[in-house]
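> Start from chain A and add chain B according to the hints.
What follows is each chain in one-letter form.
Protein chains: 2
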Amino acid sequence: MLTFYYAPGTCALASHLALEFSGAPYEAKRLDFKQQQQRTPEYLKINPKGRVPALVTERGVLTETPALLQYIAQAFPQAALAPIDDPFLLAKANEFNSYLCSTVHVNHAHKGRGYRWVDPDDGAALDAMKKKVPQTMAESFTLIEEQMFKGPWVLGEKFGTSDMYLYTLSRWLEGDGVDVQRFPRVADHMRRMEAMPQVQKIVALHQA
Amino acid sequence: MLTFYYAPGTCALASHLALEFSGAPYEAKRLDFKQQQQRTPEYLKINPKGRVPALVTERGVLTETPALLQYIAQAFPQAALAPIDDPFLLAKANEFNSYLCSTVHVNHAHKGRGYRWVDPDDGAALDAMKKKVPQTMAESFTLIEEQMFKGPWVLGEKFGTSDMYLYTLSRWLEGDGVDVQRFPRVADHMRRMEAMPQVQKIVALHQA
Chain A
1 MLTFYYAPGT CALASHLALE FSGAPYEAKR LDFKQQQQRT PEYLKINPKG RVPALVTERG
61 VLTETPALLQ YIAQAFPQAA LAPIDDPFLL AKANEFNSYL CSTVHVNHAH KGRGYRWVDP
121 DDGAALDAMK KKVPQTMAES FTLIEEQMFK GPWVLGEKFG TSDMYLYTLS RWLEGDGVDV
181 QRFPRVADHM RRMEAMPQVQ KIVALHQA
Chain B
1 MLTFYYAPGT CALASHLALE FSGAPYEAKR LDFKQQQQRT PEYLKINPKG RVPALVTERG
61 VLTETPALLQ YIAQAFPQAA LAPIDDPFLL AKANEFNSYL CSTVHVNHAH KGRGYRWVDP
121 DDGAALDAMK KKVPQTMAES FTLIEEQMFK GPWVLGEKFG TSDMYLYTLS RWLEGDGVDV
181 QRFPRVADHM RRMEAMPQVQ KIVALHQA
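Taken in order, these protein sequences are the chains called A and B. The first sequence begins at 1 in the numbering used here and counts up one residue at a time. The second sequence begins at 1 in the numbering used here and counts up one residue at a time.
One chain only, chain A, in its complex shape (with noise of 0.2 Å):
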């Protein structure tokens, strides 16, 4: 049994959807980031960074969502949530995660979280960040849109795990500012998404 350890509104979300998906038996577990659950000794003993996704399996903890995506669809090949057998597709995927991964949740962070790279005092520069955070995330989505999304999914015709991950992240851009409808293509993605019954199962869970 694998448990699966997450906090509502956060990338968590896309390796959740990835196990509902893959039919696997696993239990979820909520933090509450508001009482500092993910700062408990007993938490850090699972994820020593204090931050979810975490999934514990039989053989140890996995964490970072590019790494539990994968790992999902490797251990549940009968989900085909990923091309596991094409090492250039598998890149192209991974090239996809890598990019929301470290630069459109960076881009997203600096709006809440700036106090990780600066003096958590220093409000100008706080204020400084938050202010680009619009633009920010429309350039990124707009890469996205003309250059990354193949379509009708991320990937072209095969709907996997980058869907999911992209999904997460677009759910984001109205709190920072931006407009979907910016993005015709990633706009009809989330709307085909949210169509989906596990989709939303697995947000339901989180919004409540």
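What the hints contain is simulated information worked out from the structure, not anything from laboratory work. Note that the structure is predicted; figures quoted are calculated from it, not measured. Possibly wrong hints are sitting among the right ones.
No copy labels: a pair is met if it fits in one copy or bridges any two.
Said to hold, decoys possible - As a list, the in silico DSS-like pairs of lysine-lysine whose alpha-carbon atoms are at most 27 Å apart:
(1) 130 to 201
(2) 201 to 45
(3) 49 to 111
(4) 130 to 150
(5) 158 to 131
(6) 158 to 45
(7) 158 to 34
(8) 130 to 111
(9) 131 to 111
(10) 49 to 130
(11) 201 to 131
(12) 29 to 130
(13) 131 to 150
(14) 130 to 45
(15) 111 to 158
(16) 49 to 158
(17) 34 to 150
(18) 45 to 150
(19) 131 to 29
(20) 158 to 29
(21) 158 to 130
(22) 45 to 131
(23) 150 to 49
(24) 201 to 29
Positioned in the frame of chain A, the structure of chain B alone reads:
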């Protein structure tokens, strides 16, 4: 034949090392960032992100370090650069590589590329970011030293792409105001990397 685009001082060193250790035939092309060669229309056709590394293969272009590292390991399996036959161990490699990409590299980038996340004319905000880099880099390398690094290599007994990536980012510590000697296992890892002729050859190219 693979064509690899890199620039000195960048994270492209990690993928360059992986290519060298893979035994694959490849041609390396150097871009001069001071002359903005990553922004030419010609290069933007290869990588619309205007960044390195980029690897041109017969089937298309690949970018993003974690994606390239796994691709090179999978495409040239005889070099045994990653645990590609074990989804859990491969996920541990990707977990490590993703942490370097999305957290450690991002910490470092706040020294010289803070303009990505604030108005480039906001000198006070840029200075605020620079000031914290020694702290964030030291925190990341403390986690690597104490929790993530298994020894003798990053993932344990087997040398591979995670070692090349760690070495690449370890080289940034001095310029980021952090003494690598604070992290004895990382410092020893650097010494062992630098004793390898393949590393000496590629580092010389990046320094020339």
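> Does each hint fit the structure? Answer for all of them.
So, going through the hints one by one against the coordinates:
no.: 1; hint: 130 to 201; in the structure: neither (32 Å within a copy, 43 Å between copies)
no.: 2; hint: 201 to 45; in the structure: neither (29 Å within a copy, 41 Å between copies)
no.: 3; hint: 49 to 111; in the structure: both (20 Å within a copy, 22 Å between copies)
no.: 4; hint: 130 to 150; in the structure: neither (31 Å within a copy, 38 Å between copies)
no.: 5; hint: 158 to 131; in the structure: neither (37 Å within a copy, 45 Å between copies)
no.: 6; hint: 158 to 45; in the structure: between (37 Å within a copy, 25 Å between copies)
no.: 7; hint: 158 to 34; in the structure: neither (37 Å within a copy, 41 Å between copies)
no.: 8; hint: 130 to 111; in the structure: both (4 Å within a copy, 18 Å between copies)
no.: 9; hint: 131 to 111; in the structure: both (8 Å within a copy, 19 Å between copies)
no.: 10; hint: 49 to 130; in the structure: both (24 Å within a copy, 23 Å between copies)
no.: 11; hint: 201 to 131; in the structure: neither (34 Å within a copy, 44 Å between copies)
no.: 12; hint: 29 to 130; in the structure: neither (31 Å within a copy, 37 Å between copies)
no.: 13; hint: 131 to 150; in the structure: neither (31 Å within a copy, 41 Å between copies)
no.: 14; hint: 130 to 45; in the structure: neither (32 Å within a copy, 31 Å between copies)
no.: 15; hint: 111 to 158; in the structure: neither (33 Å within a copy, 40 Å between copies)
no.: 16; hint: 49 to 158; in the structure: between (33 Å within a copy, 24 Å between copies)
no.: 17; hint: 34 to 150; in the structure: neither (38 Å within a copy, 33 Å between copies)
no.: 18; hint: 45 to 150; in the structure: between (40 Å within a copy, 16 Å between copies)
no.: 19; hint: 131 to 29; in the structure: neither (34 Å within a copy, 37 Å between copies)
no.: 20; hint: 158 to 29; in the structure: neither (30 Å within a copy, 34 Å between copies)
no.: 21; hint: 158 to 130; in the structure: neither (36 Å within a copy, 43 Å between copies)
no.: 22; hint: 45 to 131; in the structure: neither (36 Å within a copy, 30 Å between copies)
no.: 23; hint: 150 to 49; in the structure: between (34 Å within a copy, 17 Å between copies)
no.: 24; hint: 201 to 29; in the structure: within (15 Å within a copy, 49 Å between copies)
In summary, the numbered hints that this structure violates are 1, 2, 4, 5, 7, 11, 12, 13, 14, 15, 17, 19, 20, 21, 22.
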